[in-house]
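Enquirer: Chain residues, written in single-letter form:
2 protein chains.
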Amino acid sequence: MTKDMLGRKESITVEEAVRRMSGGLPDKEPCVETVGIDDALHRICAREIKAAHDLPHFPRSTVDGYAVRSGDTFSAAETMPAYLGLSEEILMGREADFVLKKGFASKIPTGGMLPGGADSVVMFEHVQTVDDTMVEIMKPVGPGENVVQRGEDIKAGETVLDKGHRMRPQDIGACAGMGVTRIDIYKRPVVSIISTGDEIVEAGATPAFGQVRDINSYVLKGMITESGGDAVRKGIFRDSYDDLRGAIAGSIKDSAMVLISGGTSVGTKDMVAGIISDLGNPGVLFHGVSLKPGKPLIGGVIDGVPVFGLPGHPAAVSICFQIFIRPLLGRLCGVAERFPQYRHMVVKAKVSRNISSPQGREEHIRVIIEEREDGLWAIPGMSKSGLISTLVKADGTFIIPMHSNGIEKGGVVEVRLF
Amino acid sequence: MTKDMLGRKESITVEEAVRRMSGGLPDKEPCVETVGIDDALHRICAREIKAAHDLPHFPRSTVDGYAVRSGDTFSAAETMPAYLGLSEEILMGREADFVLKKGFASKIPTGGMLPGGADSVVMFEHVQTVDDTMVEIMKPVGPGENVVQRGEDIKAGETVLDKGHRMRPQDIGACAGMGVTRIDIYKRPVVSIISTGDEIVEAGATPAFGQVRDINSYVLKGMITESGGDAVRKGIFRDSYDDLRGAIAGSIKDSAMVLISGGTSVGTKDMVAGIISDLGNPGVLFHGVSLKPGKPLIGGVIDGVPVFGLPGHPAAVSICFQIFIRPLLGRLCGVAERFPQYRHMVVKAKVSRNISSPQGREEHIRVIIEEREDGLWAIPGMSKSGLISTLVKADGTFIIPMHSNGIEKGGVVEVRLF
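Chains A and B, in that order, are what the protein sequence lines are. If you want our numbering, it's the position in the first sequence, counting the first as 1, plus 583. If you want our numbering, it's the position in the second sequence, counting the first as 1, plus 583.
If we strip away everything but chain A, and leave its shape as in the complex, we get (with noise of 0.2 Å):
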């Protein structure tokens, strides 16, 4: 890698750091568990799951009704009904254990189930009561009118959810239709947070002059949760190597990622550039990235765990986990999401200011959303990236790309909603 004239390395692109961190990661499938349905909310599917058995297994009724032979009633009309005998009525829940006669109808509930012989149900609008033994059909019904077919909704060894797909409630719905009520799915891949910097304390402490407490872990726990994963933290270790080597080194044996937060200054950070490449292959994969903020970020791999040496300012380190942590997450959790992409909470606003932004970097805007008459506007607010508050003010982020200048007042831009 080049060096810069402070001797850093040089920037590469998010795009190109993206890549080498993917194209670093080994193909490993996640390890599995059994939980019942209940417990499979959002939870990644996996194998697949197959249907045992038809569902419905029998015919049903999606109305209220008389089940009959369609071709009982090919030529009724309201002005000159079909006339049909009163057979057995159908009660819901029970077995239809009769054929119907041609020539007659029997009244049925919507999800009855069908007779023998029966294959479609006119709807009760469609009816008239004769006596005690007949009925007149006053409209025809076609073959399998009104009617779910046994295994129209779902067929006896069809794949109904795929290895991968991430338990939504409708998903759930189908398992117990189809009687599955135990499911395998994905453990949640352990994400270790290290905490590093000689001034950071534990959020119940009380920081003397020249501490702070610890931000930057709880916003990573959330972020993780959020995404899957099972976040430990590990705790706040010292700026010194061997503490920080002995932590990563641990903390690589038992997680799927390992983040470590904070240590802000240049000295720091190439401490940890040196642990990782020291710890393992092939070690650091980028170290510097064309992004604000975020600018410091570096990635690696030791022994196919990925490992991120995130920037100490909570803003950064929210944009590099949104960038490059989350996608590498869903890849640990082994979710095959249909169009990830669009996944997001997205709006349009106009900027309510001129922003200009240097060409070379990508750049990620906070923003308060406001509504005035004339639609909604983006409000940047404070750049500064250590503040906590201005993380916690906005709404969202946009985007000023890397081959933009900026953007000026009125300009229309996609902020992504927390």
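Derived by calculation from the structure, the hints in this document are not laboratory data. Hints are supplied without guarantee of correctness; some may be wrong.
Given that identical chains are not distinguished, each listed pair holds provided it fits within a single copy or across any two copies.
Below 35 Å or equal to it, Euclidean Cα-Cα: the simulated DSBU-like pairs (lysine-lysine) are [to be verified]: (1) K992 <-> K931; (2) K633 <-> K746; (3) K738 <-> K817; (4) K875 <-> K722; (5) K875 <-> K738; (6) K878 <-> K931; (7) K690 <-> K976; (8) K992 <-> K933; (9) K817 <-> K836; (10) K931 <-> K875; (11) K746 <-> K817; (12) K933 <-> K746; (13) K817 <-> K770.
All of these numbers come straight from a predicted model, not from anything done at the bench.
Knowing the structure of chain A, use the given hints to seat chain B on it.
Expert: Structure of chain B alone, referenced to chain A:
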């Protein structure tokens, strides 16, 4: 209420139904519980959170460099540097318990504490070391440059998070930064699900002919959980007035909302409506909505508790939940979300075929999204709303509004992703 020719109550518009339910709810604050911030993700703040102290509680450097009195650097330039004496180095995490004398500079790391007297930091890049006692400053800094002032992130007494705020990762980070490790949140509202239908059996049972397994209560439980509620399945009840009345009356006592699922036939619907009106004031608020799927929906309030009698078809359950139940559940959760109308994942796509829809009802069409060379297409699935598989295969839904006749092939629609 007026009735149609079959004696059913006439449908009202979706808007009117939403208005009636919303108006029928008393304004009642949810119960409060206290949790550690590690368990607070996506929970709702029950009290506003104020900062007890300034954050940071001392001025910090945002760069690696030299802390100075800005006045000492005003005339500095590369050709004519300002020469400053070297004062003691500031260490990370340590109090800078001295006053920087005029004409002096102190080496300081990013995040380090500024000593008394210093008001700004010159970056390393603009400083040359002369010897052990002196540095050359090659660029002037203004007062406050490269410094985060005491309280600049969060001021003591400032309201950082409002009551009703949904906790995002950065909000938890801010709490950690302020030393707030436990917060008051609203308890999840209990939503009872009562399954009805003589044909319904448990997901774990083997249905006889005429019987089917419970699907809807699983779909509902998933959607309630996604929306912040605490779903309780009360079990499957026969279609008998006494059984159902007992189940509903019991649930009203311990729930913030009651959902009655199933009972697709007109007779059962009328029974459910009758029980809701018998049990308390104001009883049924509407019975039938100009909506497809979802027309037979019943909405009511019993003693301040909203009650819905849901259609039996899974697709109708899903749509009714989105439109009617989710916003109401948000209110019961105590959430005051900014711009809830935008908090969905939406993609624009072209419809793959003509779809007609009669005026006078709002129609929700389930679609599969396909990526083709000319962009995204929305492929409408089968319209049989009784099939769970149509919901499982679908990626989302789009709406044909009440006053539209439908949409032509190639027309662009907004698909709300599941």
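Enquirer: For which of the previously enumerated hints does the structure constitute a violation, in increasing order of number?
Expert: none
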